[in-house]
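Enquirer: Here is what each chain is made of, one letter per residue.
2 protein chains.
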Amino acid sequence: MFSGLSAFPLTPMQHGVVDEVAFIRLIERLADAGVDSIGALGSTGNYAYLTREERARIAQLAEKHAGDIPVIIGISALSTRDVLALAEDAQKAGASAVLLAPMSYQPLSEEEVFGLYETVAHNLSVPLCVYDNPRTTHFEFSDELHGHIAQLPNVGSIKIPGVPAAPDAASVRIERLRTLIPSHITIGISGDPLAAIGMNAGCEAWYSVIGGLFPQTALAITRASQAGDTQQALRLSERLNPLWALFSQHGGSLRVIATAAELQGLAASPCLPLPLQGLDKKGRQNLARVLDELSLT
Amino acid sequence: MFSGLSAFPLTPMQHGVVDEVAFIRLIERLADAGVDSIGALGSTGNYAYLTREERARIAQLAEKHAGDIPVIIGISALSTRDVLALAEDAQKAGASAVLLAPMSYQPLSEEEVFGLYETVAHNLSVPLCVYDNPRTTHFEFSDELHGHIAQLPNVGSIKIPGVPAAPDAASVRIERLRTLIPSHITIGISGDPLAAIGMNAGCEAWYSVIGGLFPQTALAITRASQAGDTQQALRLSERLNPLWALFSQHGGSLRVIATAAELQGLAASPCLPLPLQGLDKKGRQNLARVLDELSLT
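For the protein sequence lines, the chains are A and B, in the order given. Numbering-wise (the UniProt record's numbering), the first sequence opens with residue 1 and increments by one. Numbering-wise (the UniProt record's numbering), the second sequence opens with residue 1 and increments by one.
So that you can see chain A by itself, here it is in the shape it has in the complex:
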């Protein structure tokens, strides 16, 4: 389950509520493309902005429309109490796995983060993916903490925020982490622009933002790397440089991919939960031109 292309769809909003029709359409698109797993309610799925009830409903819809494809549900929240409740909801919905980030308001200590994972891991009946994303959680995992958490029951994967851009350095980074975790735990790359480098360096999974909207494009990169054709994986990724440049320009992938969904008619406009805003008029025009040139699918 925690290998290959894990596609992370948006949770599109419309007039302040979840646009369930649009969400189902995104899930069916991923199922049709044959991604290896679907990660609903990740950062791209805007979990942090939704209520418990909305998240339970999204988990049910993802599970219902994903066919045979395993569904991973994000259960992150600021309080341990809420994480446990969300884990219960996800498991009731039939999730194959859950994804947990150490979301923070008060900066967290290593002991507090370990305590969170310890409590949750012991209360799960499905595998857990550890979600390391300092850009949104403001918590920096040490490799040693990853090693400790990886000893807990039910931990199956670690979603890392990126790797060094130089292939050799990327390999060193993955090998170093690998020495600290049991062999059954996979390492997955996020940060789409670094995905080909990360997979080529030994990451078994790509937890992918563009995979949630353009699954065929992401699958081509994934399958090339999995087949050992590292150069082809890099070429296919470099072809998307104009898109990666927009991610960088707009402070990350979310606002770009949400606007892309709107431009492609896959979500109403605006589809992000306020206060988040999609690209402005000029940004939308640039993105439309890039999407035209790249013919993403």
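Source of the hints: derived by calculation from the structure; they are not laboratory data. The reader is advised that the hints may include incorrect statements.
No copy labels: a pair is met if it fits in one copy or bridges any two.
[What the hints assert, rightly or not] Result set (DMTMM-like, lysine to aspartate or glutamate): computed pairs, CA atoms no more than 25 Å apart in a straight line:
id	residue 1	residue 2
1	Lys281	Glu111
2	Lys281	Asp19
3	Lys92	Asp19
4	Lys281	Glu118
5	Lys281	Asp292
6	Lys64	Glu238
7	Lys281	Asp229
8	Lys281	Glu144
9	Lys281	Asp89
10	Lys282	Glu118
11	Lys282	Glu112
12	Lys64	Asp32
13	Lys282	Asp89
14	Lys282	Asp168
15	Lys282	Glu293
16	Lys92	Asp168
17	Lys92	Glu112
18	Lys281	Glu88
19	Lys64	Glu88
20	Lys64	Glu293
21	Lys64	Glu144
22	Lys92	Glu53
23	Lys92	Glu28
24	Lys281	Glu112
Given chain A's structure and the hints, the job is docking chain B onto it.
Expert: Just chain B now, kept in the frame of chain A:
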């Protein structure tokens, strides 16, 4: 309302739910001491870890037990939709004012933060305090953005995260901000160790963590500064240096003040919402010694 000592109490937990008896005791303690306002559900009140229902209940309890003292209720949340709902709950509970921080998961742009305040300010019937706290929100206000937000209806105060420690530099900083905002808007200092310097430099209010647990101690500093006895305010604050050192050592005031409440018998132990943890055994012993020496009230 937005001047003098605004005391920010904890929201003590017990076995994973709000300890309402302990909360009421804290509010009555503040009312008896005669603080100038009470700020419930600030960062010290752990608003970010509580449900909408719990926050509505806390707002009601604060209002009911505060006597004649104005109550300011924190309404911050990640989504604009939730902030509007919390504002409605706070106003129904009878809050005299509300406090709003640009809480973030995805990093926010200036436009998005302005949009949040614009929407909320136009939907209020009570005054708003702008809560600038980059340590927890990860958003840095520019003074120019403060100036724009200050033009919105209902804005009554800005809670700033600190001032330079040198008195002259503190005055320059306050005067610079003052030139950008209307004269009816007050500036309040938070970051207790800098409170005396901030008030001496012209801040009309102190949004105070220790004021929420030791109101007499905080009132003495406040009244000295208000009376123009800047040296006495500084002396009273410097007397608390051992406490400020513990704030610094434990990554902020929250874990120290929560443990202090436990040590004083004003909250059950542990009283923080998980994953947050109070001080460990050695930290508690050090804090107990400091509290003994300082005789805070």
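Enquirer: For each hint, tell me whether it holds in the structure or not.
Expert: Results of checking the hints against the structure:
no.	hint	verdict
1	Lys281 x Glu111	between (45 Å within a copy, 14 Å between copies)
2	Lys281 x Asp19	within (23 Å within a copy, 50 Å between copies)
3	Lys92 x Asp19	within (22 Å within a copy, 30 Å between copies)
4	Lys281 x Glu118	between (46 Å within a copy, 21 Å between copies)
5	Lys281 x Asp292	within (17 Å within a copy, 62 Å between copies)
6	Lys64 x Glu238	neither (35 Å within a copy, 62 Å between copies)
7	Lys281 x Asp229	neither (39 Å within a copy, 55 Å between copies)
8	Lys281 x Glu144	between (45 Å within a copy, 24 Å between copies)
9	Lys281 x Asp89	neither (39 Å within a copy, 36 Å between copies)
10	Lys282 x Glu118	between (47 Å within a copy, 23 Å between copies)
11	Lys282 x Glu112	between (43 Å within a copy, 17 Å between copies)
12	Lys64 x Asp32	within (14 Å within a copy, 57 Å between copies)
13	Lys282 x Asp89	neither (41 Å within a copy, 39 Å between copies)
14	Lys282 x Asp168	neither (38 Å within a copy, 44 Å between copies)
15	Lys282 x Glu293	within (17 Å within a copy, 62 Å between copies)
16	Lys92 x Asp168	neither (43 Å within a copy, 60 Å between copies)
17	Lys92 x Glu112	neither (27 Å within a copy, 36 Å between copies)
18	Lys281 x Glu88	neither (42 Å within a copy, 33 Å between copies)
19	Lys64 x Glu88	within (17 Å within a copy, 36 Å between copies)
20	Lys64 x Glu293	neither (34 Å within a copy, 63 Å between copies)
21	Lys64 x Glu144	neither (38 Å within a copy, 49 Å between copies)
22	Lys92 x Glu53	both (13 Å within a copy, 24 Å between copies)
23	Lys92 x Glu28	within (21 Å within a copy, 43 Å between copies)
24	Lys281 x Glu112	between (43 Å within a copy, 15 Å between copies)
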